[in-house]
Amino acid sequence: MAALLLPASVGLGVFTIAPALVSAFVAGTDKTLTGPSLHWVGTANFRDALHDPDLAQAVRNTVVYCLITVIPAVVVGLGLALAAERVTRGRALVRLALFLPVSANLVAVAVVFAYIFAADPHALANTVVGWFGISPVDWLGDTSTALPVVALVGAWRLASFVFVVYLAGLTTIPRSVHEAADVDGVRGWARLRRITLPLLAPTTVFVAVFATILTLQTFETVAVLTQGGPLGSSTTIVYYIYETGFTGSFRIGYASMLALLLLVAVVLLGVAGAVVGRWARARAAREVAV
Amino acid sequence: MTIEGESAVIRVQPVSSPASIISTGLRWALLAVGIGGAFLPFWWMLRTAVGPPQSVLGLSSNLIPSEVGFAAFPRAFDAADLGRALVTGAGVSIVITLLQLATAIPAAYAFGCLRFRGRTALFAVVLATLLVPPQITAIPNYVTISALGLADTRAGLVLPFMTNAAGIFLLRQYMSTIPVALLEAARMDGLGIWRTLRAVVLPLSMPAVATVATFSFLLSFNEYLWPLLVARSPDIATPPLALVNLVSASGGFPDFAQLSAAALIVSIPTLVVFILAQRRLAAGITGTGVGAEG
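Sequence lines, in order, name chains A and B. Using this note's numbering, the letters of the first sequence map in sequence onto residues 1 to 290. Using this note's numbering, the letters of the second sequence map in sequence onto residues 1001 to 1294.
For the record, the hints were derived by calculation from the structure and aren't laboratory data. Possibly wrong hints are sitting among the right ones.
Unchecked claim - Each pair of labels, with its calculated beta carbon distance range:
1) PRO1134(B) x GLY229(A): 21 to 29 Å
2) ALA44(A) x PRO1134(B): 24 to 32 Å
3) ALA1151(B) x GLY248(A): 14 to 22 Å
4) ASP184(A) x GLY1091(B): 41 to 49 Å
5) HIS178(A) x TRP1043(B): 34 to 42 Å
Said to hold, decoys possible - Anything over 10 Å on all C-beta distances counts as not near chain B; from chain A, calculated:
6) ASP52
7) ASP54
8) VAL63
9) ALA83
10) GLY133
11) ALA208
12) SER256
13) ALA259
14) ALA284
Unchecked claim - Covered, in the sense of this in silico footprint (three residues per stretch, anywhere, with C-beta under 8 Å from a C-beta of chain A), are these stretches of chain B:
15) 1081 to 1094
16) 1173 to 1186
17) 1239 to 1250
We treat Cβ as the ideally placed atom computed from N, Cα and C, and that holds for glycine.
So that you can see chain B by itself, here it is in the shape it has in the complex (with noise of 0.2 Å):
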């Protein structure tokens, strides 16, 4: 059942009650400053970027830019070497979204469609490391991947993010509503383990996949402690690591409109991504699946 499914439901009520009205109203009002305050930091960012040039000694706070200008985009690209870190960040979310799927939808459909001795004891094994804080595993990662000889390599960005047990947890919650009669039904037709999955399981869950994959890419496209770590030389910055850089290398005289610009561009591939993805997003999370579970 999803949001939309429910909200089709047509409740009555007077319309044009006066305490309606106002209630409507006041509806409005709080969603109106909701949204506005959502969206100011992007519109800072854009009218900053956009506006005239502006440093510590002549700040303007007009919501509209009195002169409109993108001059400062070619020079956060030049200065933060935004055009390698957006690829180095591209290519290394990409590749552990890739990752996250292969090992965690094998283990999903174990744990959500198969019988095995151990599953609930493994399964709360998987959960327990949901509460695992990253500062804990951060320094014993640093360590593994620098005895790997890994430190400062993409291949150092990626590796310990390989797994992700809430992934594992989201899509195991999905594939398990999956009738049971179904997979009896692939069992009866000679499909093994392997083939349901590819052939029954899967297509099945795709809404959950599709979610799990975005999450994925965000939180890794948007992560700044572990490159922080790793990634020491700014060749393989990635877009968080980019910024950051720029902000120190200005020191106390910051070029507002240039780093304004540099935000901008590090935000908008997250926000595409969830943009094009977040009407399937809220299927994936309140959906239940398939079956009569839910």
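This is chain A alone, in the form it adopts within the complex (with noise of 0.2 Å):
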């Protein structure tokens, strides 16, 4: 028994669960990666965040990002799994097709969409936005314009997930309920608002949270298209701790952290999922019953 679970112990324990707790420790240290100084300093580090003025941009840039990045992930996820379940003729290509995204290698699509959001004013972002008498935008190096693009390729592949999720969230419909349904003559947006969606609701809920994780940890996508800039407006939380622990004076005490409270983010996030998502449940239950 011992035996079945060793391998998997040693890889948990030694690369997941002990860096945590190290972590967890040296977060109350003024640790650097290069120099020898080893002090415990308390609370000082958690201070220090509560005043930092990177920080907090970070967290704001943060929580906007998710939010431009999730909500429209979702609602074109859900609309293209709906779209795409009734397909029969060529369902395994447009499958294909959509689930594409999720397999992609962000570094490689960040680096397209470098080039597609350039500034030249023959760049492909800039030539459709031309169309509309805009005139052109360098997109990745205006402070309004870099989080807003970084979020478009985090939507866009967070999108290709979320169909997925919810293409197998669909199956899970008893088929009776259709066929109620279709007795009833409920059709169209009627059925969509009274019976797919709350019946959805389960999976709406794991996606959002699960969407949400997935998106704090953006980090591929700000490293290749903008660095956190210009002036910081698209550095996110994780790629503030990257730059705080690994470039310039890397301090790794204060990174640790960071990324200490930024787990405790996460596991609030996971926990507020697993609460809303019972209730969501015990309630789309309840629907399919009456």
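The task is to assemble the complex, starting from two chains supplied on their own in separate frames and drawing on the hints.
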């Protein structure tokens, strides 16, 4: 028995659990990557975090980033799943095409998006806005557009993930529910609003929470597209942690405190998701029973 | 129950009513936009890579390139040492995938098919590790790997990923649907724990194993943060890293055809694996296994 669990325990123990605990300890010190200093500073890092204007900006950016990534991705992913569910001819191809962004290499995609959103008036994005009479924009070099462009890449991929999950969620709606709706003549929008969406509520809760947790950890796209710039306007929490701990003065102690706070936020989100999810499942179960 | 099985239901619907024609049209319009959006970045990679050379000073946004050539590909291979990067990336990802399967399968079997004290609590710990962001483990892992003398080595790229908690979870869900009677029968036949795993549980769990293997490969091939920290020398750059190095090397005057060719080359392995595996993936994720539970 123990032999079955040993390999996984070593892996998780050494490379996930122990590091998490070590981080929790280091978060209370002034450790840097290169320096020999390792002093217990208590809650100093935490108090620093509360008064760090760069962190405050990163938190604001992250909240905005999550909202403009997750909400469009969920809406689009749901719409596509509903549209694809009843496709019979070419269903495999339709699904394959819509699954593609999930498997994409984010770095490669980010490189292409950087090119699409180049400041050049002939780049694709500027060509398209040009049709509407808008003059060329320096998308990644402007503090008001850099974060939305990064979010667009995030939403592009996330919508595909959401699509996969909703497609699976749709198969859990009992056939009898659809048959009953047919008999009652409930179709179209009414059916979507009164039957399908309420029954999908547990899936929606799961998708929203999981997608938010994934989105909170966005790193590659920021690193490739903007390096957090210009002027920190696209620095997310995770990118800020990377900057703090692995560049500049390599403040590992402070970075660990920030990572710990992020972990707390993720756990709280997960717990909230579990509670709301349980409630949504109970409600959906009642709907089916009625 | 797979997606395919469910959709085989024939629903009674008036086919020709105007409302249903409109809704069918809307559905296909939505799908067309979605599919176009999903393909756009890949198309843009391809058309820029095979199109005429482009620099910052002479961009074009034609959907179809004015002339087609493949000169950018060898240039990309040379400039970013992509051949070496692809070999490194594939090797590292395959080893990671095998290690993850080797650690996850026995654990999933224990959690899904066997009863022992502390099972629920231990499984909860495994699930809890899923919440730990990679950035929190990256710093201590970097210290560990350096202390082991593995910084800037392939082993250092592999080791921290030897276990995949999500893989354990997915496999356990699948294995727990194997009927108890089957496991009982194996025990009656005198099969021990390991032989039951090898002869009964593993063969039945192949769809889930394939799913986990595919995701392990995709995620490790596309991983960026860890190689960025560990692979300092260009010799062991993984494909995403090689691509970013190429971007940085080009400075303010990128050769877009070459960059796009490199991006396409880096994207191809995971796309191919994904396309080959995708039919199984749906079954592995949504299917609840062999038992009656589903």
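Exercise for the section: Return the numbers of the hints above that this structure violates; sort them in rising order. Expected result: 4, 9, 12, 13, 15 and 16
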